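*Asks:* For the protein sequence lines, the chains are A and B, in the order given. Its first residue numbered 1, the first sequence is counted upward by one per residue in my numbering. Its first residue numbered 1, the second sequence is counted upward by one per residue in my numbering.
Incorrect hints may appear among the rest.
Selected chain A positions facing chain B (in silico; Cβ < 7 Å) [stated by the list, open to error]: (1) 207; (2) 282; (3) 285.
Where chain A lies over chain B, by a calculated footprint (3+ residues, C-beta under 8 Å) [to be verified]: (4) 2 to 11; (5) 114 to 124.
Calculated lysine-lysine pairs in the DSBU-like style (CA-CA distance at most 35 Å, straight line) [as the list claims (entries may be wrong)]: (6) B:153 to B:66; (7) A:183 to B:75; (8) B:123 to A:315; (9) B:53 to A:183; (10) B:153 to B:53; (11) A:200 to B:240; (12) A:7 to B:240; (13) A:7 to B:110; (14) B:8 to A:200; (15) B:153 to A:315; (16) B:75 to B:153; (17) A:315 to B:66; (18) B:8 to B:240.
Derived from the structure by calculation, the hints contain no laboratory data. Note that the structure is predicted; figures quoted are calculated from it, not measured. All C-beta atoms in this analysis are idealised placements derived from N, C-alpha and C, irrespective of residue type, glycine included.
Chain by chain, the residues:
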Amino acid sequence: MPRPENKRREIIIWIGTLVILGLLPLIINTYITMLITEILIMGIFALSFNLLFGYGGLLSFGHAAFFGVGGYVTAFLLINAFPSVPAALIMGSLAAMLAALVVGYFSVRLDEIYFAILTLGFGMMFYALVHQWRSVTGGSDGLTGIVLPPLGIAPFSVEISSPRAFYYIAAFFFLITAFILLKIVRSSFGLILLSIRENKERTTFTGINIRAYRLSAFVIAGLFAGLAGGLFALFDRMASPSMMHWTASAEPVLMTILGGAHVFLGPVAGAVLFFFIEHFITKFTDVWMIFLGAILIPLVIFFPEGVLGTLLAGKRRGRKIKNGEGPDDTHS
Amino acid sequence: MTPILEVKHLTRNFGGFQAVSDVSLSVTTGELTALIGPNGAGKTTFYNMLSGKFPPSSGTILFEGKDITGLPPYKIAHTGIGRSFQITNIFSRMTVRQNILSALIAHYGKGASLFSPYWRDAKLIRETDAILAQLGLSEFSDVETRYLAYGDKRLVEIGIVLANYPRLILLDEPTAGMTPEETERMTALIQRLADETKTTFFLTEHDMKVVFSVSRKIFVLHQGQLLAQGTPQEIRENRKVKEAYLGGSLDT
């Protein structure tokens, strides 16, 4: 449990992150700026996934469905309805939240592998839907031709179509998401969610309606997955069916396992590793998946709690031994 | 005295097997009561019906005069019945304090607070610390329960149950697997809690020494049926009970 003296350290971390994210584009080239933009967006996606997985104990294999709904709705509204990025993003996120409410209603009744398979099934249904519904979704071509309108009202509007400007949009939403989700996992709701992950039976017998909590977590996760999807569509200037393919649902799973499911920023660390490994290997070879696999295997073996999780656990253990205290929890 | 719990003609079938058949009994408010019986007598099945883990095949359960038959566990918990399990059932990757807090949040229905940090809720923290002190677990507050000794884990489970402030507590073999010292500590704790609080305890137990030393009323289940009931003295002298246990274990 976080103690009061950690509060100052945390404020320093937040300010540090803010400064680094703010200054970074000034010293890196366009290519790296875009790479980090993608990491921030996928970081939002992976963080939303981990609310379910790391904190709720629910392994969803269909999380890309909400990423896709967010992406498609955002893209559709920008192309066909109104030229406002914030409005389109909000509507996209809400649509994803609604989709999560429906999928979650049926899925949270089940556990473990059954939950995973059911969410996978729903994910494939959503994929088939966008793939077939050509008149609205553009079929396999997706929705293309997104033009990013300036943000704000003239004469105070700012251009956001440059990679650097869009990086700041992504960074802004990343920080907001991280802040809100961190609040949630540390709230009373978060502790109950953790309890359900740890011991479903004991939690029920203390008076908790497990389904209601799981559904709430599912809906919140859907909302932020939708936000990530909306941002991704803006970033790519298109919404394509590949956003919803079942392999896209595997990405946040991979990132979370890679970075660590039991530390809050684990999934983000995973996203950083994933993209840097991908982008640096593709410089040398097209079969980067083989090398990614070859790198992932030892990482999973030697960092059982994820790279960030294992490093932090080691550091914490060292500090505890020095202070002569017992072990502490790893969720703070 | 009014009964806190009244069970009428409770029956549970598993396929063709009748695990509990036509059991009627009532537990008096404030009276430490025990449910005993040889292995497979149906004690745990009986408890599972009382706490809502599964509904009875037939019969009714009245708690404080209110029909709670077939309610889901979380609703039964909110009516005022708490339970522990035969196999330790706690949150292992959470600290001792978090274990208790979780049950308190459930009790007060504060789980819907999405943004308020639970460790800043002064009332919750105060009550958590009081429960931990009551159990002698204060020094382990910030230790994850998976690192605790077995006996302490069982105490944490009692703490989780207490944090629901139930008026009736069902303890399913609270001393199972304990060392003699741990058993003594648990027995003393149950005795003390029963004396100090208004809570009614209803426990199953294998250890006859524990049963006869703490309980004032005993029910005996045998092959799913109620075989006998009475004070410890009466049960000790009951011939049918002795036969059910084949002599041995009642002589302690």
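*Asks:* Which numbered conditions among the earlier hints are violated in the structure presented, ordered from lowest to highest?
*Replies:* 2, 3, 4, 11, 12 and 17
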